[in-house]
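Could you build the full structure based on these sequences and the hints that come with them?
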Amino acid sequence: MSLIKITAPLDDEIISKLKTGDEVLISGTIYTARDAAHSRLVKLIEENKPLPFELKGQIIYYVGPTPEKPGEVIGSAGPTTSYRMDKYAPLLLEHGLKGMIGKGKRSAEVKEAMKKYKAVYFGAIGGAGALISKTITSSKVIAYEDLLSEAVRKLTVVDFPAIVVNDVYGGDLYEEGREKYKDKYR
Amino acid sequence: MRIIKSEEISNAVKNLIIHSSVNLSDDTYNGLKTAFEQEISEQGKTVLSKILLNAEIAKNESKPLCQDTGLAVFFVEMGKDVTVEGKNITNAINEGTRLGYSEGFLRKSTCDPLSRKNIGDNTPAIIHYEFTDGEKIKIMYAAKGGGSENMSALKMMRPSDGKDGIIDFAVETMRSAGPNPCPPNIVGIGIGGNFERSAILAKKSLFRKLGEPNADSELAEMEKIIFEKINNIGTGPMGFGGICTVLAVHITKEPCHIASMPVALNVECHSHRHSEIIL
Numbered sequence: 443m444s445l446i447k448i449t450a451p452l453d454d455e456i457i458s459k460l461k462t463g464d465e466v467l468i469s470g471t472i473y474t475a476r477d478a479a480h481s482r483l484v485k486l487i488e489e490n491k492p493l494p495f496e497l498k499g500q501i502i503y504y505v506g507p508t509p510e511k512p513g514e515v516i517g518s519a520g521p522t523t524s525y526r527m528d529k530y531a532p533l534l535l536e537h538g539l540k541g542m543i544g545k546g547k548r549s550a551e552v553k554e555a556m557k558k559y560k561a562v563y564f565g566a567i568g569g570a571g572a573l574i575s576k577t578i579t580s581s582k583v584i585a586y587e588d589l590l591s592e593a594v595r596k597l598t599v600v601d602f603p604a605i606v607v608n609d610v611y612g613g614d615l616y617e618e619g620r621e622k623y624k625d626k627y628r
Numbered sequence: 003m004r005i006i007k008s009e010e011i012s013n014a015v016k017n018l019i020i021h022s023s024v025n026l027s028d029d030t031y032n033g034l035k036t037a038f039e040q041e042i043s044e045q046g047k048t049v050l051s052k053i054l055l056n057a058e059i060a061k062n063e064s065k066p067l068c069q070d071t072g073l074a075v076f077f078v079e080m081g082k083d084v085t086v087e088g089k090n091i092t093n094a095i096n097e098g099t100r101l102g103y104s105e106g107f108l109r110k111s112t113c114d115p116l117s118r119k120n121i122g123d124n125t126p127a128i129i130h131y132e133f134t135d136g137e138k139i140k141i142m143y144a145a146k147g148g149g150s151e152n153m154s155a156l157k158m159m160r161p162s163d164g165k166d167g168i169i170d171f172a173v174e175t176m177r178s179a180g181p182n183p184c185p186p187n188i189v190g191i192g193i194g195g196n197f198e199r200s201a202i203l204a205k206k207s208l209f210r211k212l213g214e215p216n217a218d219s220e221l222a223e224m225e226k227i228i229f230e231k232i233n234n235i236g237t238g239p240m241g242f243g244g245i246c247t248v249l250a251v252h253i254t255k256e257p258c259h260i261a262s263m264p265v266a267l268n269v270e271c272h273s274h275r276h277s278e279i280i281l
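From first to last, the protein sequence lines are chains A and B.
First residue of the first sequence? That's 443 in my numbering, and the numbers climb one at a time after it.
First residue of the second sequence? That's 3 in my numbering, and the numbers climb one at a time after it.
Hints listed in this document are in silico derivations from the structure and should not be mistaken for laboratory results.
Among the hints, erroneous ones may be present.
[To be verified] Partial selection, computed: residues in chain A whose CB lies under 8 Å from chain B:
| no. | residue |
| --- | --- |
| 1 | G517 |
| 2 | A570 |
| 3 | Y627 |
[As the list claims (entries may be wrong)] Derived DSSO-like pairs (lysine-lysine); straight-line CA-CA distance at most 27 Å:
| no. | chain 1 | residue 1 | chain 2 | residue 2 |
| --- | --- | --- | --- | --- |
| 4 | A | K622 | B | K35 |
| 5 | B | K211 | B | K47 |
| 6 | B | K47 | A | K461 |
All residues carry an ideal CB built from backbone N, CA and C; glycine is no exception.
Structure follows, in structure tokens:
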């Protein structure tokens, strides 16, 4: 286990260095999307239409923040549960998405697609929305404003804390962690 | 007959909502601190320390603990000698919900279940009523997040499944939930009643303060067994591995049909926002 600083967008060289269980601090540009936005992005790809942002190398953060108060960059902004995006993720990975930040398990299909297209799934701390918001230095809605908290935002982050759950080698922190601490309570 | 203005109810509801969105209750904070001290996994400890730090930041900066500020759930105990003037109590609570989520800069999460279009003001609130003696109105509020609610389950068990069957159901539900509901969790279990009543009992069980023992010794024993078994699954804080998967297990029971044994399990996240007021 080690602490690694990475900058988004990501390339294959960085991706290949990340291992399940690594703690990372992410800086750079990332995009937000939840269920409704994913459904629209996938529809655009299927119709061969341009996406609201270039997908290649990007990280998508599964989040729907609270409204920002006057003077705030963003409201509380922790991760939402990722499995709801499993249906859409493989197609986005095929089109160049390199990282996803969320919380909770991914499907076998998403894990396969991550190995195939070289991408990583990061776990952030659910319920730590106030803490995480401090690492977001700019936020701009770039698409689907009608979706309110579910709109697509372009975020600038500095040392956003996360942990590598699934790497390109098939590692899965949820399975490994559980195995390690099984029957260890008392 | 005591008369209470509906505006007073709306205002109290608004304040409950805004206050609990940024202030983690003492019992939850202490529960998380104990978990931090007990956790043996390094990553689990890191997660718990960040959750505790998040609570400090939320309080100091009046920023929501979690971006999922929930559906607004209320349990209301209405005295028989009090009447509400102005709006009816359901409308008064919904008005307070509207005001709380708007003035508190909280996320509005209610939507049409099929079109998925956001309602825009986080109404309707989900309200359960009970009628009691006296001239007071007790309002208990919970901001219930979707991530943990989604991992909840209800099973119409056979009476022959017995206590062991209930324990297995609880443990297996939490095993399958794994990292999804933001562990460490609080588990509310309702045994008995009927189909819908068991779910309401499960939700209401979450209102018991952490660390407060179950008055029923048989249920207290079951809580202890389930608590230990879930913490032995190994899920740990945020599912990264560890021994603190649940902070507490709370069970409530009520009589049921001779043919039935309904059991509902309501999962609650560590951002356990619940509060109450007596008017």
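Here is what the structure says about each hint:
1. Satisfaction of the interface hint for A:G517 is found here, the shortest Cβ-Cβ separation to chain B being roughly 6 Å, below the 8 Å cut-off.
2. Satisfaction of the interface hint for A:A570 is found here, the shortest Cβ-Cβ separation to chain B being roughly 4 Å, below the 8 Å cut-off.
3. With 8 Å as the threshold, the beta carbon of A:Y627 comes within range of chain B, its nearest partner Cβ sitting at about 4 Å, so the hint holds.
4. Restraint check for A:K622 and B:K35: the C-alpha separation of about 23 Å stays at or below 27 Å, so the hint holds.
5. Note on B:K211 and B:K47: the hinted pairing holds, with a Cα-Cα distance of about 23 Å set against a maximum of 27 Å.
6. For the hint pairing B:K47 with A:K461, the CA-to-CA distance comes to about 20 Å; that is within 27 Å, so the pair holds.
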